[in-house]
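> Sequence:
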Amino acid sequence: MSLLETTKLNKWFGGLHVTGNVDFALKRGEVHCLVGPNGAGKSTFFKLILGEIAPSSGNIIFDGVDITKEPSYRRIRRGISVKFQVPGVFPDMSVAQNLTVALQQRFVHRNEVEKQVNQLLPFLHLAEDAEQLAKNLSHGQKQWLEIGMAVSLQPKLLMLDEPTAGMTPDETFQTGQMILNLNKQGMTVLAVEHDMAFVRQIAEQVTVLNYGEIFASGSIADIENDERVIEIYLGKSNV
Numbered sequence: 001m002s003l004l005e006t007t008k009l010n011k012w013f014g015g016l017h018v019t020g021n022v023d024f025a026l027k028r029g030e031v032h033c034l035v036g037p038n039g040a041g042k043s044t045f046f047k048l049i050l051g052e053i054a055p056s057s058g059n060i061i062f063d064g065v066d067i068t069k070e071p072s073y074r075r076i077r078r079g080i081s082v083k084f085q086v087p088g089v090f091p092d093m094s095v096a097q098n099l100t101v102a103l104q105q106r107f108v109h110r111n112e113v114e115k116q117v118n119q120l121l122p123f124l125h126l127a128e129d130a131e132q133l134a135k136n137l138s139h140g141q142k143q144w145l146e147i148g149m150a151v152s153l154q155p156k157l158l159m160l161d162e163p164t165a166g167m168t169p170d171e172t173f174q175t176g177q178m179i180l181n182l183n184k185q186g187m188t189v190l191a192v193e194h195d196m197a198f199v200r201q202i203a204e205q206v207t208v209l210n211y212g213e214i215f216a217s218g219s220i221a222d223i224e225n226d227e228r229v230i231e232i233y234l235g236k237s238n239v
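Under the numbering used here, the sequence shown has 176 at position 176, and the numbering climbs by one with no breaks.
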């Protein structure tokens, strides 16, 4: 059964058709990546799912409920959490304090919060930086911290918008392992990503968007061997 479905989803900005009749399905427990050229409509599709913008037509079904007209906060309460491309951490608070703020959405008692923080820190490779101010972290570490804050909500669906942007190759690989470990625990993941090595590492299914429409969908092998995808996105050098 699908956790997330969109049916004939459209978005117009004036005369510009940025999302065109998108029929998309995300299975429970799946790691699914959205790829495509710049301007393909990936960010708009994300914003539609999150409720940041309203569709011109079509439906969005999450966990069996039509959420098309629901505000963002209700979608979050239903179990959708997101990590945006630019880290949104609290810069003048420590790593542990950032996680504490996120965990207080679920836990009331201080001991429970502290226990969860202590479990998250090593998972995020931030145990040695627990008292470090977030503004002093490297870019990759800030990305990990925000992933941790998103995961703190224990979402049914974790949405990641270019989670490895600006990371070193080693940080990118560690991020992939982090996502795979979350998936082993049952978390469903939908990620927008440009780094194809990272997509190969984590994705069970890949959907290619182009001009706001689904251009291709399948396994990473299917996508990388699709001549049409090679032409529009991957480039001839990947043939």
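What the hints contain is simulated information worked out from the structure, not anything from laboratory work. Note that this is a predicted model, so its numbers are computed, not measured. Ideal Cβ positions, reconstructed from N, Cα and C, are used throughout, including at glycine. Take these hints with a grain of salt, some might be off.
To be verified - Result set (SDA-like, lysine to any residue): computed pairs, CA atoms no more than 25 Å apart in a straight line:
| id | residue 1 | residue 2 |
| --- | --- | --- |
| 1 | Lys-8 | Ala-216 |
| 2 | Lys-184 | Gln-174 |
| 3 | Lys-8 | Arg-78 |
| 4 | Lys-184 | Lys-135 |
| 5 | Lys-27 | Asp-226 |
| 6 | Lys-156 | Leu-182 |
| 7 | Lys-184 | Lys-69 |
| 8 | Lys-135 | Gly-88 |
| 9 | Lys-184 | Gly-218 |
| 10 | Lys-47 | Asp-63 |
| 11 | Lys-47 | Glu-112 |
| 12 | Lys-156 | Thr-172 |
| 13 | Lys-69 | Phe-90 |
| 14 | Lys-47 | Ser-2 |
| 15 | Lys-156 | Asp-66 |
| 16 | Lys-156 | Ala-25 |
| 17 | Lys-8 | Glu-204 |
| 18 | Lys-184 | Glu-112 |
| 19 | Lys-69 | Gly-79 |
| 20 | Lys-47 | Lys-115 |
| 21 | Lys-156 | Lys-135 |
| 22 | Lys-135 | Asp-66 |
| 23 | Lys-69 | Phe-84 |
| 24 | Lys-115 | Ala-165 |
| 25 | Lys-8 | Ala-25 |
| 26 | Lys-156 | Phe-173 |
| 27 | Lys-8 | Asp-66 |
| 28 | Lys-47 | Phe-90 |
| 29 | Lys-156 | Pro-169 |
| 30 | Lys-69 | Ser-56 |
| 31 | Lys-27 | Lys-135 |
Said to hold, decoys possible - DEER-style ranges, computed between Cβ atoms:
| id | residue 1 | residue 2 | range |
| --- | --- | --- | --- |
| 32 | Phe-123 | Gly-14 | 41 to 51 Å |
| 33 | Asn-225 | Gln-97 | 29 to 39 Å |
| 34 | Arg-78 | Ser-219 | 38 to 48 Å |
| 35 | Gly-39 | Val-86 | 37 to 47 Å |
| 36 | Asn-111 | Glu-227 | 21 to 31 Å |
| 37 | Asn-225 | Phe-173 | 22 to 32 Å |
| 38 | Asn-21 | Gln-97 | 26 to 36 Å |
| 39 | Asn-59 | Leu-16 | 30 to 40 Å |
> All the hints need checking, so say for each whether the structure fits it.
Verification of the hints:
For the proposed pair Lys-8 and Ala-216, the alpha carbon gap of about 16 Å is at most 25 Å, so the pair holds. About 15 Å separates the Cα atoms of Lys-184 and Gln-174, which keeps this hinted pair within 25 Å; it holds. Simply put, Lys-8 and Arg-78 have alpha-carbon atoms about 22 Å apart, close enough for the 25 Å limit, and the pair holds. Taken as a hint, the Lys-184 and Lys-135 pair is broken in the structure, with Cα atoms around 31 Å apart against an allowance of 25 Å.
About 23 Å separates the Cα atoms of Lys-27 and Asp-226, which keeps this hinted pair within 25 Å; it holds. A distance of roughly 11 Å separates the Cα atoms of Lys-156 and Leu-182; the hinted pair therefore holds under the 25 Å criterion. Straight-line distance between C-alpha atoms of Lys-184 and Lys-69 comes to about 32 Å, which puts the hinted pair past the 25 Å bound. Our distance criterion of 25 Å between C-alpha atoms is met by Lys-135 and Gly-88, whose separation comes to about 11 Å.
Distance restraint check for Lys-184 and Gly-218: the Cα-Cα separation of roughly 21 Å lies within the 25 Å cut-off, and the hinted pair is therefore satisfied. A distance of roughly 18 Å separates the Cα atoms of Lys-47 and Asp-63; the hinted pair therefore holds under the 25 Å criterion. Between Lys-47 and Glu-112, the direct Cα distance comes to roughly 33 Å. Violation of the 25 Å bound is thereby established for this hinted pair. A hinted pair counts as satisfied when its Cα atoms are at most 25 Å apart, and Lys-156 with Thr-172 qualifies at roughly 23 Å.
A distance of roughly 30 Å separates the Cα atoms of Lys-69 and Phe-90; the hinted pair therefore is violated under the 25 Å criterion. Using a Cα cut-off of 25 Å, the hinted pair Lys-47 and Ser-2 holds, with the two alpha carbons roughly 19 Å apart. For the given pair, Lys-156 sits about 16 Å from Asp-66 by alpha-carbon distance, which is consistent with the 25 Å threshold. Annotation: proposed proximity of Lys-156 to Ala-25 holds, straight-line Cα distance about 15 Å (limit 25 Å).
Between Lys-8 and Glu-204 the CA atoms are separated by roughly 24 Å; this keeps the pair inside 25 Å, and the hint holds. At most 25 Å may separate the alpha-carbon atoms for a hinted pair to count; Lys-184 and Glu-112 meet this at roughly 23 Å. Taking the CA atoms of Lys-69 and Gly-79, the gap is near 16 Å; set against the 25 Å cutoff, the hint holds. For the given pair, Lys-47 sits about 33 Å from Lys-115 by alpha-carbon distance, which is inconsistent with the 25 Å threshold.
Restraint check for Lys-156 and Lys-135: the C-alpha separation of about 29 Å exceeds 25 Å, so the hint is violated. The hinted pair formed by Lys-135 and Asp-66 fails the criterion: a straight-line CA distance of about 39 Å is larger than 25 Å. For a cut-off of 25 Å, the pair hint linking Lys-69 to Phe-84 stands: about 22 Å separates their Cα positions. Distance restraint check for Lys-115 and Ala-165: the Cα-Cα separation of roughly 30 Å exceeds the 25 Å cut-off, and the hinted pair is therefore not satisfied.
Under the criterion of a C-alpha separation no larger than 25 Å, the hint pairing Lys-8 with Ala-25 is consistent with the structure, at around 12 Å. Between Lys-156 and Phe-173, the direct Cα distance comes to roughly 23 Å. Compliance with the 25 Å bound is thereby established for this hinted pair. Between Lys-8 and Asp-66 the CA atoms are separated by roughly 14 Å; this keeps the pair inside 25 Å, and the hint holds. Proximity of Lys-47 to Phe-90 is assessed by CA-CA distance (about 22 Å); at most 25 Å being required, the pair is judged to hold.
At roughly 28 Å between alpha-carbon atoms, Lys-156 and Pro-169 are farther apart than 25 Å, so this suggested pair is violated. Of the supplied pair hints, the one linking Lys-69 and Ser-56 holds, its CA atoms being roughly 11 Å apart against a limit of 25 Å. For a cut-off of 25 Å, the pair hint linking Lys-27 to Lys-135 is broken: about 36 Å separates their Cα positions. Between Phe-123 and Gly-14, the C-beta spacing of about 45 Å keeps the proposed range 41 to 51 Å intact.
A hinted range of 29 to 39 Å for the beta carbons of Asn-225 and Gln-97 is inconsistent with their spacing of about 47 Å. A C-beta distance of roughly 29 Å is found between Arg-78 and Ser-219, which places it outside the suggested range of 38 to 48 Å. For Gly-39 paired with Val-86, a C-beta distance near 19 Å fails the hint of 37 to 47 Å. Our hint of 21 to 31 Å for Asn-111 and Glu-227 is violated, since their Cβ atoms are close to 58 Å apart.
Evaluation of the 22 to 32 Å hint for Asn-225 and Phe-173 yields a pass: the beta carbon distance comes to about 24 Å. Checking the proposed 26 to 36 Å range against Asn-21 and Gln-97 shows it is violated: the Cβ atoms sit about 45 Å from each other. Roughly 22 Å separates the CB atoms of Asn-59 and Leu-16, a value that falls outside the hinted 30 to 40 Å.
In summary, the structure is inconsistent with hints 4, 7, 11, 13, 20, 21, 22, 24, 29, 31, 33, 34, 35, 36, 38, 39 from the numbered list given earlier, while agreeing with the others.
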